[in-house]
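*Asks:* Below, each chain spelled out in residue letters.
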Amino acid sequence: MSIVIDKKMETDRHNQNGTMAHINDNNIKISVEKFSFYYESTHALKNINIKVKQNTVTGIIGPSGCGKSTFLRCFNRMNDTIPGIRYEGAIYIDGNNIFDKDLDVVDLRRNVGMVFQKSNPFPKSIFENVAYGLKINGIKDKSFITAKVEKSLHNAALWEEVKDRLSQSAFSLSGGQQQRLCIARALAVEPEILLLDEPASALDPIATAKVEELIHELKKKYTIIIVTHNMQQAARISDYTAFFMLGELIEYDITNKIFTKPSKKITEDYITGRFG
Amino acid sequence: MKNRTVEQFLGFLILRICIGFVILALAIILFDIFKKGAGVISWEFLSAMPRKGMTEGGIFPAIVGTFFVTIITAILSIPLGMGCAIYLNEYANKGKITRLIRMSIRNLSGVPSIVYGLFGVVLFVQLMRLDTSILSAGLTLGLMTLPWTITASEEALKNVPQSYRDGALAVGATKWQAIRTNVLPYAIPGMLTGTILGLSRAAGETAPILFTGAAFYLPFLPKSLSDQFMALPYHLYIMATQHHAIEKVRPIAYGTALVLIVLIFCMNLFAILARYKLRKVKVE
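Line by line, the protein sequences are chains C and E.
The opening residue of the first sequence carries number 1 in the numbering used here; numbering runs sequentially from there.
The opening residue of the second sequence carries number 1 in the numbering used here; numbering runs sequentially from there.
Hints were generated in silico from the structure; no laboratory data involved.
Take every hint as true, because none was put in to throw you off.
Listed next, the stretches of chain C that the computed footprint assigns to chain E, with coverage defined by at least 3 CB atoms under 8 Å from CB atoms of chain E:
no.	region
1	76-84
2	99-110
3	177-187
Coverage of chain E stretches by chain C, computed from C-beta distances (three or more under 8 Å per stretch; other residues unrestricted):
no.	region
4	167-173
5	181-192
Remember, predicted model here, so these are calculated numbers, not experimental data.
Don't be surprised by glycine CBs; every beta carbon is placed ideally from N, CA and C.
Only chain E is shown next, with the shape it has when bound in the complex (with noise of 0.2 Å):
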């Protein structure tokens, strides 16, 4: 008796162990920004150009450029990620080809983003001529959020009842009718947010847009959305390795993460609202 007692003492200790270094790690990250970029935070800094090699000035522009290229990659993978969702889980045969496209769409998450962002160099900026451009790593970082995108999805789709279904269809609704009017209402919140997350987290990728439209600097806006642009996960990168003035312009590099931090957050807590709220409502 006494020994089980004191194994579940040591197996929750290491539990807990965990779930603290975990908690720790983040909490140090976050703190090291916070102190070191809130200073810097102004509302110069979110709405001036960079002046003077860009040790000083704002990042207004790399606020636009990350706005517009995330919209772009909205516009890209929202529609498609869901409508290939649908597919998958509602008409596609349940069949070993279905099963092997499903795989492969899951391995596609995995894959590294720069390859990503090659790949975008070579079909959009070469082959259809887009050139390093907003639309350009738009797309490409479009594509590279589509794996998350139908993989959230179909999750939530396949916390659909069945039963729903069955009885949309038994009262003599089509299948397509069935999964407007009793799936997909109930799939959207879900649907949603997986892709919320997917987009906050293309939003701050560097890799994908390096070749596909990322500008080192640009001390004006872009005018279309075939220009370049400043975003703001590369500007950051660029602060924190490539400027010849590193140390003097480290403060504004931790002012551009904490305005990327903050940015991702207000996504992800977007996210969670729309779940919230949305679910609410379906409950009502």
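So that you can see chain C by itself, here it is in the shape it has in the complex (with noise of 0.2 Å):
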């Protein structure tokens, strides 16, 4: 993994957010640019840029309350939902903006997976939660949707668990179990980003280690953004890491680099645990 540092481009451009890893233009798969997000009068996201390159795990760190969560559901918009929200500036995924007029966000979200904080199957059988993005997307084929159910849970490292209970329901689960359940019915309609909110908060760390195993497999397939509140979490699954304050990118670098050597002060008091 080759990552050219470009001096220039930072001073040049994106300099409000103090350093940013800048990674060269070849397999860039989204770039936020000018991202500012207000919730009625609050601008809880301020003039956020940052590339995410393709096949790469990008971690989001923060304290409470600095927008990461928020961050996150901006890539598929899922806070369209809420009242009162604004976008400004860009997010380009494979050089499309989301925000254009013309995209439809239906698309969008097929494409850009989500797990959320709390696990959230369905009360439906486990065959039925993975299958369910596939129906509603029009897929009517029985074998073809048999055949993604099980890749999908075979993706999720769930197959080996449930391949006998399938029609059980997802609530028999244990909490990891449904948690890669919810990853397995994200995959299932192929997305090519996965975002993954605090996956594990919830998890013990057994479950969490198998979902941060499985987090480094997918990486293969997927782009992956995860926010996560667990600093050793980050250190451990990304390869890329941005950190967040009262809703400002404060850094973004190499996790390497930004665990060992952040170029801000405030990071590495928040990396060290003197604040958070």
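Hints given; two lone chains; assemble the complex.
*Replies:* What follows is the structure in structure tokens.
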């Protein structure tokens, strides 16, 4: 993985947010440019600039209320369901602005999967949970759906545990299994990007380790952005880390650098646990 | 320490007295009606026409009338009420206007039923020229039930976790798909229960049908929806207060009351069973 840090670009364009890891333009999957988010009169996200490379894991860390979840929910426009919000700037995915008027938000969400903080299996069977996205997207071919469900459960590292009980309620699964089921549900519709909002926050260490292992595996196929409260987790699983505070992007760089040689004092203070 | 124990004892005692009082009142009413009404109940009472100026015979036309009026009520208020609730809860902007509309609907459920009766006369009987008929009465009752149906349905929708909607949207469902496949199936038991409770209330109402279609005495069954009809609550009212030989028909009045209570009890029971059954299906 070669990353070119372009000093000139840094001073040219995005200096408002302090230092950023500038990635060469090859394999850029997501590009956030001068992005601001308002909730009624609150300026919740302030002039964010980030580029995310394909097939990487980007961790978003920061104290509670810093806007990291809000930021994550911008990539699939889940914030659209909240009244009184406003966007400024742009987020490009494969070069297309997701706030473009002609963009179909339903297509966007199929392409940008999301797993929520609290696992939210539907009160349906395990099979139906995974098949849900396929069915609402108009797929009727039973054998295709069956194959896809199996593949998604495999990819979510859940197949071995549930293959004999697919028709049972999703609620019969343990917390960690439910979260992996939600990952499988997101994978079934073949997104290219996966958004994870503190997917392991409610899980015990063993279940967390499984989910982390899974994320590492998923990176080969997907571009992953993960919000996490747990700094060790960010250090373990992400290639890049973005540190947010009070709606601002303080620092964005290769994870290793953020955790060993952060360029801002405040990042260092947060990472070493002096606040937050 | 001692004081607190005494205080707690007194507190619970007062609460026990409250609930005991309510149960007692209910038990006395039911006991009285069962005692005085059960004697008249027979197959003939349920299946025969009233005879000899309603001093003899049965209450069959009143049962039939109430049945059909309730059906008209259901046809109007179930789809309309559920539709309004879905719109209000899922689609309407959460602004001042929506709040105002919701508040108005809640207030409408407090409007006295006689006012709905008058409104029904003006709108259905006169303006729409439906005459005094099953249709007019049913529609009037339907209007009266709507606020209940809407409110109960909205509560049922609110009980479906937001995460079901979000989860569906996140895999590329349209808003309507999310509602249809991932909200309604879990809200319908609650919606249905609230609606049936509203209907059972409507079935027992007298005032709204008084001007809009209920007849004092009809020795035959209505042939179409534009005919007048007899209804259980109105029949009871007549037998209890308006009849020329009140003392003589008192048992018939009690019998009618008993039939009405049993009917409404059955509807409520059905509502509870429906919810129980549907909820079970949902969890499995």
